[in-house]
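Participant: Residue numbers (my numbering), protein chains in the order written: chain A, 1 to 120; chain B, 1001 to 1437.
No wet-lab data here; the hints were simulated from the structure. Treat the hints with care, since some could be wrong.
Only part of the chain A face toward chain B is listed, based on derived beta-carbon distances under 8 Å [to be verified]:
| no. | residue |
| --- | --- |
| 1 | 11 |
| 2 | 33 |
| 3 | 34 |
| 4 | 52 |
| 5 | 53 |
| 6 | 62 |
| 7 | 66 |
| 8 | 68 |
| 9 | 100 |
| 10 | 104 |
| 11 | 106 |
Here are the in silico distance ranges between beta carbons for each label pair [claimed, not checked]:
| no. | chain 1 | residue 1 | chain 2 | residue 2 | range |
| --- | --- | --- | --- | --- | --- |
| 12 | B | 1416 | A | 38 | 47 to 57 Å |
| 13 | A | 47 | B | 1012 | 20 to 30 Å |
| 14 | B | 1194 | A | 33 | 19 to 29 Å |
| 15 | A | 82 | B | 1200 | 47 to 57 Å |
| 16 | A | 94 | B | 1261 | 40 to 50 Å |
| 17 | A | 86 | B | 1216 | 29 to 39 Å |
| 18 | A | 42 | B | 1265 | 27 to 37 Å |
| 19 | A | 86 | B | 1189 | 53 to 63 Å |
Every residue, glycine too, gets a C-beta built ideally from N, C-alpha and C.
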Amino acid sequence: MKLIVAIVRPERANEVLEALFRAEVRGLTVSRVRGHGGETEPVETYRGTTVKMELREKVRFEIGVSDHFVEPTVRAILDSARTGEVGDGKIFVVPVERVYRIRTGDIDEMAVTPPIPAAE
Amino acid sequence: MSESLVQSAPNALSASDTAWMLIATALVLLMTPALALFYGGLVRAKNALNTMMMSIASLGVVGLVWAIVGYSFAFSSGNQWIGGVDHVVLRGVNVDARGSIPHVLFMAYQGTFAIITAALISGALVERMRFSAYLLFIALWAALVYAPVAHWVWGGGWLGRAGVLDYAGGTVVHVNAAAAALAVALVLGPRRDYGRQALLPHNVPYVLLGAALLWFGWFGFNAGSALGANTGAALAFVNTFLAPMATLVVWMGLDIVRTGKATAVGVATGIVVGLVAITPAAGFVSPASAIVIGALAALPSYFAILYRARTALDDSLDVVAAHGVGGATGALLTGVLASAAWGGTDGALAGNVGQVGRQLLGLVVVAAYSGALTFVLIKAVSLALPLRTVTRAERTGLDITEHGEEAYSHDEGTVLVLPMEAAEPVPSLHSVLEPSS
C-alpha cells in the first residue's frame, strides 16, 4: 500500500476531485494548507505596511491506495491539477506500514480504497 | 418623491423639514455600505473586498460626478428630456430654500440616490470585472443614464408630467439599475466557474447584516422622499416598515413549501425585494395595501431567482430578479392600489384603470433607455480599458489581483517590507528582499 499526498492549487481542487472519482478513487482526505513552491510572491499593502506573501493557499489530498492503484491515482492528479505555471504543486508517494479500517477492523489492502474485491 | 414638492418652491425654509431631511440623507448614504455587506457576503472569500469596494467606491466616484454634472442634468430646469447646465459644479446651489429645505441639502439627498443606484449594478458584475473599468463605467453611467432618468420622473421631465407615479424610485432607481445590470452582465459574460462549480456565499451573517442595515437606511430613502417632516413621510415610513415584513413571511413560506427549510439568504433577499417593491408606492397607498404589495412581490422575484440560476445569464447576485422584477411588480401594483385619499392619484382599484398603463409606460421606457445606453457605454469603456480580468486573476481572486489586499489575511508567511524599501520602485524591491540577486 501507498499513501499518496498531493498538494494542489485550491482553484484546481474540484477538478482533481472529479478526476479521482472518475478513476474510482473514493476514499480520501482533503485539507486546506499554506505553502511555498517557488512562485512569485504577491505584494500587499495595508495602510503604510507593505508585505510580501511568502505562503500561498494550497489544498492537500491524502489518499491511501493499494499498489496497483498508485498509477491511475497519480495520473488522475497530474492531469487535473496541472496549469503549467509555477506553483502547480507536488505529489508524494509514501510507503505505508499498516492500514486499519476503523469501522470493520479490516487491515492493509482490505482497508484502503478501493479494496481488493473479496474472493467470491 | 412627489413631483409637486420638487416643483413648487414657496421659498420658506422649515426647521422641522430640514431636520428630518438631514437625518434622511445620512440614512440613505448608509444604504451603500449596507449594500457592500449584502453583496460582499454573497461572494466567495477571495473576492469579498473587490465586491465591497464596488459599492464603497461609488460613494466617492458617483458622489463627485453628481456634484459636478449629475445634479444639474437631473434637477436644473432644462427641457423634458434632460436638465440644463445651470448647476454644473453646484453653481447656484446655495442655502436658500428649494421646497422647504436648503437647496444644498436637497442636492445631497438626491446624490445619495445616484450613489446607491450605480452601486446596485455591481451585483451583476462581481468576481470578474476589472476595477478600473468599473470605476469609469459608473462615472459615465451616473451622468448619462441615472441623471436623465431622474429628470424624467422627478426633475420636471416628461414621465412625471405623463402622470407616472414613482414615490421614491422603484423605476428610477431599481428598474433602471436592473436594466443596466442585465446589459453589462451580457457584455461581460459569465464567470469562468459559473455553471461548473458551486459558487457559494462566503459569509451569510454579512448578508443578514447588510439586509438589516438596508432596511434601516430605506426609511430615509422612502420617508425622506416626502422631502419634509409631514404626514406623507409618516405614511411612507410605515409602509416601508410593513411591506418587507409581508415579503419576508411569504418568502419563508415559499422556501418551506419548496425545500422544507427557511433559508437565511432567502430571508435577506426577501427583505430587499419587499423594500424595492414598496419604494414606488410608499407615499401613495394605505398601510393595508403596503402589506399586499409586500406579500405579492415575493412571488415573481422568488421564481425569477430560481429560473435565472438555470440559465447562462450570470447576473451573479440577482440584480434583475430582486430589483428589476421587484421594482416592476411594485410599480404596477402602485398603479392598482394608489389612493388619492392616502396622498397619491387614484389607481385601478379606485376606478382609474389607465394608471396601470402609465406605470407600464414608465417601466418600459426606463428599462429600454437604461439597457440600450448602458450597452453603448460599456462598449465604449471596453475600447479604453479591458473589462474583464484574466483567467488566472479570476482563479486567484480579485482581492489580491485588483487591490493587493485580502479580506481574511494570515500573518504567518508574510515578510514585512520596510517603509524605506517600499518607497523604492518595484524592481529594486526584489533585490532588497533577495540580496543574492
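Participant: So which hints don't hold here, by number, going up?
Facilitator: When the structure is compared with the hints, numbers 2, 6, 7, 8, 9, 10, 11, 12, 13, 15, 17, 19 turn out to be violated.
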